[in-house]
Amino acid sequence: MAIISTVSLARTFRTKSGTVQAVRGIDLTVREGEIVGLLGPNGAGKTTTLRMLTTLLAPTGGAATVAGHDLVKDPASVRRACGYVAQSGGVDPQLTVREELVTQGRMYRLGRARAAERARELAHELDLTDLLDRPCAALSGGRRRRLDIAMALLHEPRLLFLDEPTTGLDPAGRTALWDLVRRLRDDHGTTVVLTTHYLDEADALCDRLVVVDGGTVVAEGTPAALKLRYAGSADASLQDAFLALTGRSAAPADPAPVAV
Amino acid sequence: MLLHDTALIYGRCLRQSLRSRFALLFGLLMPMLYLLFFGPLLTGLPLGGRGSSWQVLVPGLLLQLGLFGASFAGFAIIIEKGHGVVDRMRVTPVSRLALLLGRVLRDATVFVFQAVLLVLAAVAMGLRAPLAGVLIGFVFVALLTVSLAALSYALAMRMDTPQGFGPAINALTMPSMLLSGLMLPMTLGPAWLDALSHLMPLRYLVDAVRDAYVGAYATGHMLLGSLVATGFALLAVTVGTRVFRTAGA
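For the protein sequence lines, the chains are Y and L, in the order given. Each residue of the first sequence is one higher than the one before, starting from 1 at the first, in the numbering used here. Each residue of the second sequence is one higher than the one before, starting from 1 at the first, in the numbering used here.
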């Protein structure tokens with residue numbers, strides 16, 4: 001059952017220096033319970049695509065159905081079914097973690113008591129209980145990212161969108177986040193769509209990859225299939241496959257050490 | 001649903017404002033300075049209206065408070081945009097109108113509070129005005145604040161950096177204040193200036209509040225002022241809501 005299905009989804013921006021076709025026509029299908037990665041270099045249109053699918057941005061072309069609702073005709077229902085974690089999160093640094101979680105729950109139309117209960121549940125599940133009464137500014141790195149994810153899960157969405165979820169995290173934080181994403185899918189059946197330009201993340205975490213470049217889909221498949229098709233063998237690195245597909249590497253080599 | 005959403009956003013914004021003494025009092029400085037240091041200069045002058053010079057000046061100062069305070073409301077949203085809070089809220093099912101209304105109602109609350117403080121100070125300086133008139137003045141402050149804050153948020157949502165925002169607002173507020181006759185009635189000036197001032201919506205508001213402050217409630221000024229204030233507020237809220245709906249474009 002397809003939880004996301006887009007046909008020629010497109011977005012053109014009008015800027016002072018002319019029109020920019022950020023997304024040129026994306027056909028995307030995501031089945032329920034999948035972890036799908038949108039992989040591509042910076043500027044490929046991944047974030048714009050995500051912003052369209054979460055109703056933040058209206059498409060200028062094409063159509064999409066998200067969680068059974070038409071994206072353009074019924075955005076409110078799409079919002080009810082999805083959670084979104086932006087690249088740099090979205091909490092007010094002055095407010096406490098608890099206050100942000102509870103207000104967010106109520107914005108998702110949970111009752112006051114239920115919102116408080118969900119806040120406690122998520123804090124427990126994401127190891128934030130000690131931090132509930134600290135201001136959000138007191139959290140850094142991995143904890144901040146876990147809070148951002150908690151903010152998106154209060155209403156138990158079927159679909160979770162993550163925009164570059166591990167950018168800026170240290171290696172331990174990255175693996176912890178990958179485990180969290182897998183747990184969400186395994187325990188709650190949540191479908192996860194994430195964008196990334198990290199090939200190790202795409203390889204380790206995603207069931208299926210959609211490679212985006214220049215605003216369109218250039219390839220899709222499981223990591224193994226992509227390696228086989230574009231780099232010659234299933235044991236090749238995703239880096240080689242990516243190079244073959246786009247003619248350049250995904251991102252500069254991550255300067256962080258592989259192991260701490 | 002709209003009521004629930006608006007109350008939620010209003011509560012959140014009000015809690016944020018209550019934490020900061022600066023946020024609660026920031027609009028008061030300019031009108032207070034005029035009240036204390038400019039007001040006494042007017043007490044002997046023939047200003048043309050009924051009542052004392054305070055009954056002519058204080059209505060203008062109330063609207064000046066709304067003008068300079070609420071026009072800068074957009075700064076708060078630029079900061080929230082930077083933290084990702086605005087987009088995070090727009091992803092939830094919260095009504096777009098509530099996202100705006102909750103904020104402008106918070107601004108109206110804060111500025112009516114400041115208006116009360118201003119009037120108390122004015123009473124200490126010598127203002128005597130009917131209570132009903134004073135309350136009507138507060139209603140106009142609230143309506144003006146809602147209008148200007150909504151437009152300020154609309155402008156701020158479309159700006160990516162705070163740098164351009166301040167100068168843009170500054171360029172609009174000072175001429176508005178002068179051309180509307182907030183400090184002194186425009187009727188004192190030459191006919192061309194008076195005529196020009198009729199293009200400013202604020203002119204109608206200040207005339208209405210000046211009438212209220214002398215107890216004249218059923219005048220043409222009051223009717224015009226009420227229509228302009230309400231119409232302006234409705235227009236501004238419509239514009240502001242649309243920006244919350246389509247932001248990111």
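Hints are supplied without guarantee of correctness; some may be wrong.
Said to hold, decoys possible - In silico SDA-like pairs for lysine to any residue, Cα to Cα no more than 20 Å straight-line:
1. Lys-16/Y x Leu-8/L
2. Lys-81/L x Val-139/L
3. Lys-73/Y x Arg-242/L
4. Lys-81/L x Gly-89/Y
5. Lys-73/Y x Leu-28/Y
6. Lys-81/L x Leu-28/Y
7. Lys-73/Y x Arg-15/L
8. Lys-73/Y x Pro-93/L
9. Lys-16/Y x Thr-161/L
10. Lys-73/Y x Thr-246/L
11. Lys-81/L x Ser-226/L
12. Lys-81/L x Leu-193/L
13. Lys-81/L x Leu-14/L
14. Lys-81/L x Leu-188/L
15. Lys-73/Y x Ser-88/Y
16. Lys-81/L x Arg-96/L
17. Lys-81/L x Leu-95/Y
18. Lys-73/Y x Pro-162/L
19. Lys-73/Y x Ile-78/L
20. Lys-16/Y x Leu-14/L
21. Lys-16/Y x Leu-97/L
22. Lys-16/Y x Thr-241/L
23. Lys-81/L x Ala-137/Y
24. Lys-81/L x Leu-196/L
25. Lys-81/L x Pro-175/L
26. Lys-81/L x Arg-15/L
27. Lys-73/Y x Leu-97/L
28. Lys-16/Y x Arg-158/L
29. Lys-73/Y x Leu-95/Y
30. Lys-16/Y x Met-157/L
31. Lys-81/L x Leu-25/L
Hint data in this document are derived by calculation from the structure and do not stem from the laboratory.
- Message: Does Pro-162/L sit within 20 Å of Lys-73/Y, going by the straight-line distance between their CA atoms?
- Response: violated (34 Å)
- Within a Cα-Cα threshold of 20 Å, do Lys-16/Y and Arg-158/L meet the stated pairing? At roughly 14 Å apart (the allowed maximum being 20 Å), Arg-158/L and Lys-16/Y satisfy the hint.
- Message: Would the hint linking Lys-73/Y and Arg-242/L be met if the CA-CA limit is 20 Å?
- Response: Holds, at about 16 Å.
- Message: With the threshold set at 20 Å, check whether the alpha-carbon distance from Lys-81/L to Leu-28/Y stays at or below it.
- Response: violated (29 Å)
- Message: Need the status of pair Lys-73/Y, Pro-93/L: alpha-carbon distance at most 20 Å?
- Response: holds (14 Å)
- Given the hinted pair Lys-81/L and Leu-188/L, is their alpha-carbon gap at most 20 Å? violated (45 Å)
- Taking 20 Å as the top limit, are the C-alpha atoms of Lys-73/Y and Ile-78/L close enough? The hint is violated at about 29 Å.
- Task: Assess, step by step, whether the Cα of Lys-81/L is no farther than 20 Å from the Cα of Leu-95/Y, and give holds or violated.
- Result: holds (16 Å)
- Is Lys-81/L close enough to Gly-89/Y, meaning Cα to Cα at most 20 Å? holds (11 Å)
- Between Lys-73/Y and Leu-95/Y, is the straight-line Cα distance small enough, at 20 Å or below? Violated. Lys-73/Y to Leu-95/Y sits at ~35 Å, over the 20 Å cutoff.
- Within a Cα-Cα threshold of 20 Å, do Lys-16/Y and Thr-241/L meet the stated pairing? violated (25 Å)
- Proposed proximity, Ser-88/Y with Lys-73/Y (alpha carbon, max 20 Å): Given pair Lys-73/Y, Ser-88/Y is violated - Cα atoms ~29 Å apart, limit 20 Å.
Checked against the numbered hints given earlier, this structure breaks hints 1, 2, 6, 7, 11, 12, 14, 15, 18, 19, 20, 21, 22, 24, 25, 29 and 31; the rest are met.
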